[in-house]
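From first to last, the protein sequence lines stand for chains P and Z. Heads up, the first sequence is in my numbering, so the first residue is 217 and it goes up one at a time. Heads up, the second sequence is in my numbering, so the first residue is 217 and it goes up one at a time.
Keep in mind that the hints were calculated from the coordinates and are not lab data. One should not assume that every hint holds.
Just so you know, same-sequence chains aren't split out, so a pair can sit in one copy or run between any two.
Said to hold, decoys possible - Each computed SDA-like pair below joins lysine to any residue, with the alpha-carbon atoms no more than 20 Å apart:
hint: 1; residue 1: Lys604; residue 2: Arg271
hint: 2; residue 1: Lys427; residue 2: Ala469
hint: 3; residue 1: Lys697; residue 2: Asp617
hint: 4; residue 1: Lys697; residue 2: Thr677
hint: 5; residue 1: Lys697; residue 2: Arg298
hint: 6; residue 1: Lys604; residue 2: Asp377
hint: 7; residue 1: Lys697; residue 2: Gly401
hint: 8; residue 1: Lys507; residue 2: Gly447
hint: 9; residue 1: Lys427; residue 2: Ser499
hint: 10; residue 1: Lys697; residue 2: His394
2 protein chains.
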Amino acid sequence: MSRGCTCRPGLPIAPARPIPEGAATQQESAGLTQSVVPILLSGGSGTRLWPVSRRSFPKQFAALTGDHSLFQASALRLSGPRYGAPLVLTGADFRFIVTEQLAGVGIVPGAVLIEPAPRNTAPAVLAAALHLAAADPDVMMLVAPSDHVVPDAEAFGRAVDRGIAPARAGRIVTFGIHPTRPETGYGWLELGGESGAAPDDPAPLRRFVEKPDAAAAEAMLADGRFLWNAGIFLFTARTMIEAFERHAPDFIAPVRASLQAARPDLGFLRLDPEAWDSLPDLSIDYAVMEKAGNLSVVRFADHWSDLGGWDAIWREAQLDAPAWRGVVADARSTAIDCDDVLLRSDDENLQVVGIGLRDTMVVATGDAVLVADMNRAQDVRQAVTALKARGIRQAERFLRDHRPWGWFETLVMGERFQVKRITVHPGAALSLQSHVHRSEHWIVVSGTARVTVDGKVTLVTENQSIYVPLGAVHRMENPGKVPMVLIEVQTGVYLGEDDIVRYEDVYARS
Amino acid sequence: MSRGCTCRPGLPIAPARPIPEGAATQQESAGLTQSVVPILLSGGSGTRLWPVSRRSFPKQFAALTGDHSLFQASALRLSGPRYGAPLVLTGADFRFIVTEQLAGVGIVPGAVLIEPAPRNTAPAVLAAALHLAAADPDVMMLVAPSDHVVPDAEAFGRAVDRGIAPARAGRIVTFGIHPTRPETGYGWLELGGESGAAPDDPAPLRRFVEKPDAAAAEAMLADGRFLWNAGIFLFTARTMIEAFERHAPDFIAPVRASLQAARPDLGFLRLDPEAWDSLPDLSIDYAVMEKAGNLSVVRFADHWSDLGGWDAIWREAQLDAPAWRGVVADARSTAIDCDDVLLRSDDENLQVVGIGLRDTMVVATGDAVLVADMNRAQDVRQAVTALKARGIRQAERFLRDHRPWGWFETLVMGERFQVKRITVHPGAALSLQSHVHRSEHWIVVSGTARVTVDGKVTLVTENQSIYVPLGAVHRMENPGKVPMVLIEVQTGVYLGEDDIVRYEDVYARS
């Protein structure tokens with residue numbers, strides 16, 4: 217029996233501080249021309265890492281391989297003297313997760329642009345370029361997906377440095393990873409130019425290669441002129457806008473219109489939905505990169521992974537800590553006579569046991585268990601589609617529901633009652649609301665709540681309770697400096713989230 | 217993708233009614249000599265069916281394959297005109313589960329004998345024989361494990377009828393199952409006597425065969441003189457006592473002493489632990505059957521299974537409803553491109569997904585997931601041993617804790633707080649108690665509670681709450697006719713179950 221503790225529980229978020237309003241704008245205007253502005257794209261849904269990654273809380277925000285989420289790790293990797301404050305593009309559902317997670321690692325974003333709807337990477341990159349070009353068209357931008365693993369940030373930084381000169385000269389610089397196996401799950405890059413050039417020199421790109429079959433991958437690995445396409449790009453705002461003008465001109469007007477009508481909201485910049493919605497769903501690779509003739513490749517020989525599936529997580533874990541018989545099992549998992557397995561429990565109350573398994577991944581959360589052949593990692597998205605088609609909540613949502621003010625989760629749903637745990641951030645407030653069908657008992661178990669019921673304000677502290685009768689207009693706030701946790705017991709004939717009448721809401725949801 | 221709904225959720229218990237005190241004794245004395253008294257042995261722990269079966273709530277009490285638990289199904293199968301009221305032998309931990317489950321199917325036991333400690337089947341069978349012989353030494357006893365599946369109860373009853381005459385004549389009758397496959401997981405019986413005898417005639421037993429290897433099993437299946445040993449025996453009390461006197465005389469005195477000093481308790485008969493504890497842990501097969509020369513075999517050609525592991529559950533499910541590609545999946549499980557798999561979720565909030573699996577069993581409960589090669593079903597007990605060695609609760613206990621008055625389960629355990637759901641049977645009461653380290657908030661969500669706090673009695677009904685301060689002497693009762701459900705929120709620095717001072721307890725636990 218082997219037990220390594222190489223994977224970590226999911227979903228923890230480093231302690232959050234709300235970012236002060238206005239901070240973003242100050243930072244944004246400070247000396248961006250001197251440094252590279254990271255563009256963090258974090259709108260993806262990551263269904264291949266279900267059940268830990270779901271549409272409501274995708275993989276980039278989960279702590280899949282370490283203490284930080286992939287998004288936090290990306291932001292940290294692209295911070296320091298080399299970089300300016302990052303520009304983040306995300307969806308409305310994730311805006312508070314983004315700010316919480318950045319605050320958790322002490323990073324203040326230059327701006328957080330909210331995409332009204334997911335439209336893949338082309339509109340997002342153009343929006344970032346147009347937004348930054350307004351202040352400085354020659355600003356250097358580094359577009360990076362926020363779900364990559366690059367353990368050596370300094371080595372990556374030196375690769376970025378090597379890309380600066382060609383980017384300033386109007387090239388679009390892409391980063392090519394030195395391949396270590398005949399990977400069929402990635403796109404590849406074929407280098408042009410002289411074969412005798414120094415490996416650190418940027419090389420012209422001959423062509424993008426789509427995900428190959430096994431034979432083609434073997435051939436490219438042996439050839440030496442092929443690298444993995446990491447999907448990381450360095451360029452000036454001017455270069456990218458010109459590339460769109462030449463190769464995808466139809467994007468310019470709607471993205472510009474959406475930016476011009478953008479609405480500031482609690483430190484976020486909400487792109488206007490009207491023009492945005494008309495944009496096609498297209499990746500930057502298809503829209504621009506594959507058509508542009510001015511691409512250069514900077515080689516990156518250090519470790520990189522895109523965590524595209526549970527097989528990648530399993531492989532990464534073994535790089536961190538070699539696993540006996542290929543068993544990667546966390547502290548809540550037990551492997552008996554298993555070979556080449558990933559056993560993972562993301563719920564502290566859930567034990568996982570594997571007996572006699574080969575090439576198998578088991579990933580368990582509190583509400584879903586995935587068991588798959590290791591070679592079928594890419595088919596996990598099929599499972600998500602199947603569950604979604606049957607209307608099963610677990611396909612896209614967690615029990616824990618993140619809100620601007622904190623989060624809640626249902627502990628038990630009974631006939632005519634429901635018990636929730638609610639956590640409210642310091643200083644945060646729920647909307648002033650009432651319910652038609654339910655009454656609520658609140659018991660504070662940590663911190664202090666300021667509770668308003670039909671105009672009467674009460675401070676409710678640990679081990680105190682308060683009753684909110686059916687129909688009463690009420691609000692819950694956390695006036696303190698520590699998170700407030702309360703247990704809510706609802707009773708009533710209908711307990712859906714949509715039985716809510718909002719009177720006032722600081723988060724503009726009423 | 218295939219979805220059959222052939223397995224059922226675990227642990228539901230048919231609605232319970234407490235048995236009236238004294239009912240057992242009345243029934244016991246009524247006409248036992250006319251019929252066969254079923255002896256239901258239900259003390260086993262069933263670790264091979266972990267995680268659904270655990271020491272605290274073993275497989276015989278779980279609804280593994282139908283609406284009833286195996287114990288309920290056994291009791292029902294051995295009820296009707298042919299049989300007397302059953303005599304149940306069980307452990308102290310299971311006594312209330314036994315009475316609840318019998319009440320749930322409308323069966324009043326002749327007696328429930330509580331074994332002070334598990335000592336395997338030999339002492340249990342002797343205790344039953346001595347207990348019944350006191351009223352009538354010629355009483356006909358049918359010993360049956362309570363974890364068998366025998367769909368045709370009437371066919372089995374006719375087999376019992378065929379055993380009556382030899383049993384009256386002083387034979388020990390065992391039941392041999394017509395084998396349908398070369399099973400290596402069962403013991404076998406070799407028949408003696410003339411090969412030309414009618415198949416319905418009881419035949420003398422030549423010998424017991426231990427669990428064979430595959431080749432021996434194949435040979436026995438082909439031979440025709442071999443049957444599976446079901447471990448079901450029919451005999452008179454007198455015959456069994458004489459067999460013990462001859463083959464295992466050391467058992468007699470301690471079992472008799474334990475019976476004589478037995479203490480009636482709420483309708484149960486608690487065997488005295490002093491003599492009992494000195495008994496060896498031995499099966500009736502080893503102690504008596506394999507030595508006795510007076511065994512006859514009654515053939516049973518209908519379907520029978522002992523549900524000895526998850527592979528048996530998988531096999532049984534396909535007999536009920538043929539499964540496409542061998543996929544047995546319940547309503548909460550999804551199989552994508554799987555062959556010969558069992559996918560089972562016993563928690564209504566837990567979805568199970570299998571992708572590309574072959575010969576694999578996945579069994580998930582709310583706090584444990586088993587994934588094993590189908591051919592390793594017997595090694596599940598190894599997993600339980602491994603978890604137990606690491607002190608992991610799931611090895612032996614469920615989150616749901618059964619008590620004489622009902623059950624409770626922890627919904628969430630936080631720092632300095634805990635939330636429980638508590639269900640109290642109609643008419644039941646918790647002990648009068650106090651806690652040194654915690655206070656409790658109770659919110660009734662179903663039914664009505666009578667709550668005593670420091671001498672003050674309050675009726676608390678649905679959607680009402682009450683507070684029990686730290687140190688207060690309190691009691692909770694359900695004075696109503698329907699189960700009472702409440703949510704308890706505990707706060708305090710120490711929340712262990714052992715922080716309890718009991719002042720009065722109807723269940724004699726103070």
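Here is how each hint holds up against the structure:
In the homo-oligomer, the alpha carbons of Lys604 and Arg271 lie at most 20 Å apart inside one protomer (11 Å), although the nearest pairing across protomers, at 37 Å, exceeds that limit. Neither within a single protomer nor between protomers do Lys427 and Ala469 lie at most 20 Å apart by alpha-carbon distance, with minima of 32 Å and 79 Å respectively. Proximity of Lys697 and Asp617 under a CA criterion of 20 Å is satisfied in neither setting, with 22 Å inside one chain copy and 38 Å between copies. When the C-alpha separation of Lys697 and Thr677 is checked against a cutoff of 20 Å, the pair qualifies only within one copy, where the shortest distance is 13 Å, while the shortest distance between copies is 37 Å.
Taking the shortest alpha-carbon separations for Lys697 and Arg298, neither the intra-copy value of 34 Å nor the inter-copy value of 73 Å comes in at or below 20 Å. Taking identical chains as interchangeable, the C-alpha atoms of Lys604 and Asp377 are never at most 20 Å apart, the minima being 44 Å within one chain and 55 Å between chains. Taking identical chains as interchangeable, the C-alpha atoms of Lys697 and Gly401 are never at most 20 Å apart, the minima being 47 Å within one chain and 62 Å between chains. For the homomeric pair Lys507 and Gly447, the shortest alpha-carbon distance inside one copy (15 Å) is at most 20 Å, but the shortest distance between copies (77 Å) is not.
In this assembly of identical chains, Lys427 and Ser499 lie within 20 Å of each other by CA distance solely inside one copy; the values are 15 Å within and 63 Å between copies. Taking CA atoms no more than 20 Å apart as the test, Lys697 paired with His394 passes in neither setting, with 48 Å inside one copy and 73 Å between copies.
Checked against the numbered hints listed earlier, the structure breaks hints 2, 3, 5, 6, 7 and 10; every other hint is satisfied.
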